[in-house]
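S.K.: These are the residues of each chain, in order.
Protein chains: 2
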Amino acid sequence: MKQRTKLDLGEFLPYLVNRAGMIIAEQFGIETLARHQLSIVMWRVMAVLASNGSQSQINLAELTSIDASTLSRIVTRLVRTGLLTRTRSTTSSREVVVMLSAKGNALVARLIPQAYEIEAAAAAGLSADELAVVKRCLRRIYGNMKGRPAAVRKSHQKRVAI
Amino acid sequence: MKQRTKLDLGEFLPYLVNRAGMIIAEQFGIETLARHQLSIVMWRVMAVLASNGSQSQINLAELTSIDASTLSRIVTRLVRTGLLTRTRSTTSSREVVVMLSAKGNALVARLIPQAYEIEAAAAAGLSADELAVVKRCLRRIYGNMKGRPAAVRKSHQKRVAI
Numbered sequence: 489m490k491q492r493t494k495l496d497l498g499e500f501l502p503y504l505v506n507r508a509g510m511i512i513a514e515q516f517g518i519e520t521l522a523r524h525q526l527s528i529v530m531w532r533v534m535a536v537l538a539s540n541g542s543q544s545q546i547n548l549a550e551l552t553s554i555d556a557s558t559l560s561r562i563v564t565r566l567v568r569t570g571l572l573t574r575t576r577s578t579t580s581s582r583e584v585v586v587m588l589s590a591k592g593n594a595l596v597a598r599l600i601p602q603a604y605e606i607e608a609a610a611a612a613g614l615s616a617d618e619l620a621v622v623k624r625c626l627r628r629i630y631g632n633m634k635g636r637p638a639a640v641r642k643s644h645q646k647r648v649a650i
Numbered sequence: 489m490k491q492r493t494k495l496d497l498g499e500f501l502p503y504l505v506n507r508a509g510m511i512i513a514e515q516f517g518i519e520t521l522a523r524h525q526l527s528i529v530m531w532r533v534m535a536v537l538a539s540n541g542s543q544s545q546i547n548l549a550e551l552t553s554i555d556a557s558t559l560s561r562i563v564t565r566l567v568r569t570g571l572l573t574r575t576r577s578t579t580s581s582r583e584v585v586v587m588l589s590a591k592g593n594a595l596v597a598r599l600i601p602q603a604y605e606i607e608a609a610a611a612a613g614l615s616a617d618e619l620a621v622v623k624r625c626l627r628r629i630y631g632n633m634k635g636r637p638a639a640v641r642k643s644h645q646k647r648v649a650i
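Here the protein sequences come in this chain order: V and Y. In terms of my numbering, the first sequence has 579 at position 91, counting the first letter as 1, and numbering is strictly consecutive. In terms of my numbering, the second sequence has 497 at position 9, counting the first letter as 1, and numbering is strictly consecutive.
Be aware that a few hints might be false.
Chain copies aren't distinguished; within one or between two, either way the pair holds.
To be verified - With a straight-line cut-off of 27 Å between C-alpha atoms, the simulated BS3-like cross-links for lysine-lysine are: (1) K634 <-> K623; (2) K591 <-> K494; (3) K634 <-> K591; (4) K591 <-> K623.
Derived from the structure by calculation, the hints contain no laboratory data.
I would like the entire structure built from these sequences, with the hints used as guidance.
M.R.: Set out below in structure tokens:
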């Protein structure tokens, strides 16, 4: 592959993805989450639990793309405010299971219509076909990154030593 | 519009955008930026300056989607490490202009091929047409959010009082 030496951010996929994600999160945070004393990261935890049911903390980190130590802090806070419960797994005592409390479920239910409102605003003017392509491709992009051979990643990290 | 009360994150655009953005940033950070003592946010600042040339700090905040106070902190750090310079604008003494130093330019030039490598890994298996649709739609999504009437946003925020 020919190496490009000039960066054109307006055509650079990681920039476009990040920029779109940031502005949606920012506006949803300001308009909707702030008055419930929720950050966007807290919302992501609650949304994943609402969508996928109770989760081990390990799966929750994976599904929310939040690193383990940050997630642990957030879960603790949401447990303290009564929105989540955290219990030992019945099958493995080392595993912690996190779920929405009744209060947490009720709050998510109130927020869901507003989440869909933000989504509709973001996707305004996109045809159903375009939206389907975008969603499919975003899932593929995630899968591509997730599935990159560890060898490739390692060879990059190794260059540190050079 | 009928209100949906169940959240299906696998079809929820904000989640898919965020998730794709996070994993790209994470891997680029670990594989490439860490050995240059750069965070992903620092990289974004430098990439915007490399792509768009020197910027006022206000424009830089806009182009990087980084809030003003965080950006100010990051610019200060990058100035200290010699990667950026910060000067008063010649046209307006209140305006601060940020640009890459020679050292900063050289570092970005070294990182660009690796940035394109990550982009290629992310977009693997997408056809040229799909990639074009995704990029166009992501720009549109950003524009939609950016262009939302302040009135809509205000009416949401006002509900805080209710």
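S.K.: Could you check the structure against the hints above and give me the numbers of any it violates, in ascending order?
M.R.: Violated hints (numbers, rising): 3 and 4; every other hint is consistent with the structure.
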